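*Asks:* Below, each chain spelled out in residue letters.
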Amino acid sequence: LAVCRAAVRWGALLPSPCPAAAPLRWPAWLPAACERRYSSRGKEQLDMSTYPVESIRNFSIIAHVDHGKSTLADRLLEITGTISKTDRNKQVLDKLQVERERGITVKAQSASLFYNHEGINYLLNLIDTPGHVDFSYEVSRSLSACQGVILVVDANEGIQAQTVANFYLAFEAQLSIIPVINKIDLKNADPERVEKQIEKLFDIPTDECIRISAKQGTNVEKVLQKVIEKIPPPQCSTADPLKALVFDSTFDHYRGVIANVALFGGEIAKGHKIVSAHTKKRYEVNEVGILTPNEQPTHKLYAGQVGYLIAGMKEVTEAQIGDTLFLYKRPVEPLPGFKSAKPMVFAGMYPVDQTEYNNLRSALERLTLNDSSVTVHRDSSLALGAGWRLGFLGLLHMEVFNQRLEQEYNMSVILTAPTVPYKAVLSSKKLIKEHGKDQITIINPAQFPDKLSVSEYLEPTVLGTIVTPHEYIGKIITLCQDRRAVQKDMLYIDENRVMLKYLFPLNEIVVDFYDALKSLSSGYASFDYEDAGYQPADLIKMDILLNGNPVEELATIIHNDKAYAAGKLLCERLKETIPRQLFEIAIQAAIGKKIIARETLKAYRKNVVAKCYGGDITRRMKLLKRQAEGKRLMRKIGNVEVPRDAFIRVLKRETDK
Amino acid sequence: ALYPQWPYCRKRCSYCSFNTYVVPAVDEAAVRACLVREAQTLLRLSQVHRWVPAGGSWGPLKCPPATSHPLLYSITSVFFGGGTPSLASPHTVGAVLEAVAGAAHVPAGAEVTLEANPSSTSTSRLAGFRAAGVNRVSIGVQSLDNAELQLLGREHTAEEARKAVEGARRLFPGRTSIDLLFGLPGQSQDAWAQQLEAALGLCDDHISLYQLTLERGTALAAQVWGGALPAPPQDLLADMYQMARTVLVAAGFRHYEVSNFARKGAVSTHNLSYWRADQYIGVGPGAHGRFVPRGEGGHSREARVQTLEPIAWMREVQSQGHGTRSRAVLSLLEQLEELLTLGLRTDEGVTQERWGRFSPQLSLQHAFGAPGEARALQQQGWLVLDSGGLRCTWAGLAVLDSLLPDLLWQLQRV
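These protein sequence lines map, in sequence, to chains A and B. If you count by UniProt numbering, then the first sequence holds residues 1 to 657, one letter each, in order. If you count by UniProt numbering, then the second sequence holds residues 1 to 414, one letter each, in order.
The shape of chain B in the complex, shown without the other chains (with noise of 0.2 Å):
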């Protein structure tokens, strides 16, 4: 999987601290030809070749490294993220694409996914991006109501994003997502509920239901811990979720992951990639990385964060091809940490083989079927492992950063 970086927007939106800029004038040309080089470097380090070898994905390595994860041979996916991606041209997100498939297999219908906002996605856009390769949007909807969207600091209006929305299930029928927000300060679950109604009436086959997380240093979050809006009560929260769970699944829906949700097979390929601890490549500013770097002749899978300020990671990429700022080798118990915090956000959680590549000698049954936290979260209904993994039930997922530490622990002293 790969991920593309933009790190620009118009107007920074209330709620967020992500790693983003908002610039009077972006010098994209420069910006396109830092992502295209970066891309290329990486891609040549993590040894993505566009020969594909015989007899299968897997045929030339019988027997895996123990410790090693299985070698990226192809790029599954892309994901345009930022910022706002979508605030770029489509002359950009083409020459990435076409430096991914210059540098490394790309199978045909790879998922491709640019996230949008609605306030960027004219149909003549959206309809360049696609030509440009692009065959999936993921469109930040975040509220259907004017006052929740100028709380959060949105340039959108309701109306604006039922546009994008259809425009976009026009020229991606099956293919567009939408991201809704829940648990504004003073969103009654009445209204949830309405927005959710009016949500499932837009749709298309995935939707993100994210809880409102108030993060330090933004200003909704300043607001709220000031005093001057109310916070949301955990029990309300709580009611919110199950609603909404509740909902969807009776729609149709099959809630994939934590806070994701898609039917007719629509899931996300590139973000399961994440929870399946797949291996993925950053590329941008401030953009995370998890491979094994066996262009230098790493066997190691590694945490890589590149350079979070783009005019200084653009000096790094001219100079050097790459702005990698931070590279560090993740253990066996590092890998196994992610791979079950990740993997327990989804409805399949940690399947037997999965865990089976990352630890053939620790089974999953070893390490937490016998007496200790993990069974008894087991046991108390939280958790479940059988035949197929360890899962979360239906209430355990609700719950799950209660369950991660006492795993974790587990874990650490077996």
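Just chain A, same shape as in the assembly (with noise of 0.2 Å):
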């Protein structure tokens, strides 16, 4: 799934490679070897006192995918000799497998970048922030931290769905924008249209944008110089009380929680009791320091600043992100905008093979340790054995978590097809008396309400943003409309680029939709999507039936307008999946008691091999044993056997091209 290639904010959590190294230390998840790369400002603890709030400069790069953001970050590391120039410098702040192959930032790195402009020394903290709506949140505490952002645009490819829904991210935290215009040495680069896409869509005069090659280096410096003057300097100072927002997290095992923090005020240093705002919780500083991008130890932080802090947090939990910490004893407000993650897809995840369950337990356990977003429910299938119920930000945080559950820890997994939650108003008293509220949200389909004792059901929306070249307009409406979606906006952002806005039921793209999207347009559109809250729906429960007998597994959540086609469909893909048997079977899908689809897988009325001969025995005898073995993974309804292989191919998420 590529829905959106951006960054995105967790963290793995791997043995270090270097156990033993101080007090300088790689972060634990850093999967190349102890080569250092950046130049290291020396082993003495930094005085951060030198760089009052007027030299600091804090903003934030943002882009869509594949357009520039990662290698721009590598030249302005270069240029500020935060690392040594070479070649080598390709996407220096993705470090994992999953941010390399796919050219998405997973696990966001901060940096602090010093920097001569005009006789001043200044201190430039680049914030990376996570692209991507799933990351929304995230993505708007750590602009939060920032006065300003770099917003990259391909040359070639102009804004973007992501480009739109990033500038207005930013836009309404009131950032200043940098507008910048990359890769102007590639031969289609056509930076003129670009500037006009940005100039309508965005009202950013022309002239403002700056046309550069991260690639090769063109006008970069001129960049640096821009974020020096156009954004301001952080609003705050050393003599108020320490207010300090938690804007990301990473789990260290022999250190414990390193939270990244941004100084609204006051000062940290060694030694300081602070106390969470959120879990009011107390804690002793043991260290602080800026990043270069590792770690590197300072005396204190100071108002304006951007760092880290080590105190004896065990969990990524007790450093939720946007939580602000406060000095014991000093309290302050706690900055706006705190919430808990929220989870919006979820998932069945179950290990392929049941002997593994207790390393895809610890797998998963180590995996969350660096993700508190990611939410995890034991749960267990009769067809699919023990697992559980994840739930993800989104899309991308669910494809991204799988694959390094794959890549780092050698996990196979059956991830089944994402849903979403869905919402139930009450109306039955004895409902709101069990429930203690008469609204519910349902996840699982064994706990959703009969329509009698409900007054409205609801379920989730997301606004997505399409941008597409103009002559795949027709098919695009045709596909939003299969998809229930009502079009809000439609723009011409140049001669032939339109940028449509679709308000859309979230289950109606959590499965295929980014996929049917790229291939109905050549690869050309591109997609995002943000919360727009739920919606009333007519939502009913579809069972499927086996001779009668409903299959637990089998039942959805469906809207009234989709059931008919999804039963079939599901009907007709168990036909396939179902082995023949010795009887006929009735293969149902049903609302209530109202069948809605059927099939009818015909009984075996021959089912012998022809030869069996001295030679054929041995052959014939290991198909009759994994048969025989099989019988033991069987999930019998009624009378019906249903293999856990045709659970697998029917509950599966369908793996994106």
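These aren't lab readings, by the way, just hints derived from the structure by calculation. Being a predicted model, the structure only gives us computed values, none of them experimental. Note that CB positions come from ideal geometry on N, CA and C, so glycine has one too. The hints are all genuine.
With beta-carbon atoms standing in for the labels, derived distance ranges:
(1) Thr-393/B with Arg-632/A: 25 to 31 Å
(2) Ser-380/A with Glu-334/B: 30 to 36 Å
(3) Glu-552/A with Gly-381/B: 30 to 36 Å
(4) Tyr-564/A with Glu-348/B: 51 to 57 Å
(5) Val-414/B with Lys-622/A: 19 to 25 Å
Here are some chain A residues the structure puts well away from chain B; computed CB gaps all over 12 Å:
(6) Gly-81
(7) Asp-185
(8) Lys-230
(9) Val-275
(10) Thr-279
(11) Tyr-328
(12) Ser-427
(13) Asp-645
Both chains come to you apart, so use the hints to assemble them.
*Replies:* The structure is reproduced here in structure tokens:
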């Protein structure tokens, strides 16, 4: 799945490649060996008091996937001497296999850059942000530590869906925006067209755009100068009490939680006693420092500065993104906008082989140590065995999580098709009393309350942005209508590119929308979405029956309009995957007592191998033993045997191309 | 039972995935020498002696070891298979038979079958084989329709097949079998009925009817799976089988195995020994065997496979006397699984006596009479378990492969 390959933020946890390295330690998850590519600023602890607020600039780079965000970051790090200049600097901040393969930033890395401009030493804090809306909350917290952004747009591709989403996040946070048109060295680069798009869509005058080639280093210095000129320094004072925003955290096996913080007031040093506004827990600071981009301890951090702190927190949930830290007995008003992570996409996860259950559990535990936004609930399916129901912030989040399990933990899992959290407004007094509230969230179809006890069902929606060459509009509009989407906006951003905005039911895009969009636009349309709350929906629970007996794990919550087609498809797929048996099998989809689709699997009338002589026996026995062994994994629905494979084939998420 | 494998064919048939080789020239003397040598080695290993114990075939073993098989005291049958063994010279067949008789006791009248293709079965050749000791032939007619024969990649015509069968019947009266295939791409029920009628007019007392199996790697399977030829519908195949069974039984044949029919007691002794899980020795490239290697002190039944490729096989036989590529001791459970899988293919099923010989402790009744999958299958009318043994019903035989996984699964848990 490639819904906007952008920066997303959560960390892995791998055994440190160099466990004894101290005091400058690599983050534990760095996959590279102990190879030092960053120039160290000396073993001495830095005195950060030489950087007053006026000489600090805090900024992010935001971009659509592949528009050159990481390359620009590499150049900025080189120019400022943060890393030495070699041609090996490719995606320096992207360390994980999944990041390099997909060209995305999974684990955002911040870096403090030192830069002398017109005789003044500046401290430029590059705060990396996850660009995808799965992480819009994290992005908003990261952006809240910034006063400005560099908006990178590809000179060839122009504005894409994610560019739009990123722009509005920055715009709504009232940040200064420095538009940069990258890849001007490319043959098909058309910076003029892109400048016009930026003017039309974002109302930024064309002459404010900086044309660069991050790859070749062209005009990158100019970007740094603009950062200093256009982005205001943070408005805060060291004289105020400590107020620190946690905007990221990672977990290190040896040192515990490392929290990335931005100081909105006061100062912080080793030995300070601090309190989390969210958990009210008290900690003593062990270490503070800046990221260059590896951790470099400092004496102190001062208002306006960005860095890390280690304070004996044992779990990442203790350093939740958006939390405010203050000095013990010096409480402050917490920074606004704190929310706990809210999963929007759920999927069942099961080991391919049940004997792998414990290994998978340990891998999950380790991976979620660094990612408190994944919710994990134990679940078990009669067909798939023991597993978990995982909640993710979005599709990319789910995809990358799964890929990291496979790549970093060598785990092969069955991931079921994703579902979304529905809601029901209850009318039955009995149910309201039972739940203690009149609105419930339904994640599992088994919990779906009957229509008679519900005044309204609700489904989650998202506002989707599609940017496409205009020749695909017709097909895309049809696709969106098929997905029950309502058009909200349609705008030509230049002569041949259109931006469409649609309100989608979330469940209509979680499975294969992005693939469909990409394939009907030959890969040219881009898509991004943001949470748009809940809307009433005509939802029903559809059961699948085998010879009249319901199959619990195949029940689905679905929109009434989609039930017939989905029921038919499910019955057809089951007919293909359930082996013929000694009797006829009726495969039915039903809503309540009403059958809406049916397929019939005929009984075997002949199933016996024609030849079984001396040379055939060994092969024959192998097959039969496998079949007999398979009986152990058969799920019996009434008298119908359904192999685990059939469930997997029907329930499994279709992998994206 | 002894199975010598002749691995060569003149041409590969479109449906065949057997271990056969088409080579420009066969060094027959070398192959013969190796077949003879390997037969001698393996017969010695299995301790089939010329000497017959006094007091009947079970004489010296008053109480056979609980998990072992009865000893082979004589070679009850020889079956020359292939490949196309009728391409070998009668001299080669005779040499192997002499070696067998020289190394083991062969009762008078023991069945000696030769698989033969109509295209290499002139009356004079058949007479030569008879003189060498062959007393039964199995002729690969496959079809009596020229278009079908062409589709199957056979070298002969329907007329040649007829002639071959008639010639064989004169030389081996009552001991000539024919093979027919059904379920060919595009074959109709009517066409099959006509084939069957023609075959009844031609055949002797034994007939094998095989549903065509599309094997991976064959030209015919590629054509069907590639869509160039129609795949026969499942229901049609079932109808063809039912019709054939009915017609043959009405003609006085006993349906004694899934694909085999005989009248006047003309069953294939050799093939029955597979289905009864008797001991058998495979000789030649890729041949399979099941026997207890008592000659080297073994007490357990082993599954053995000889080296597949003829040249490599010959090298091994020349250097070490045999070309056994793999041997695996079969556990009691594996032996019972084979007995069940094979025995249920026959009309006699797995008899109490035979089961008891493999498994003196766990009776058939105990294994399959208690509530469970097997009992459910009996209640549904697919299986019968009585004092005779466990066997398929008429309906059950046609779906045996759907019954076996349940039975094996139950057996594994007993």
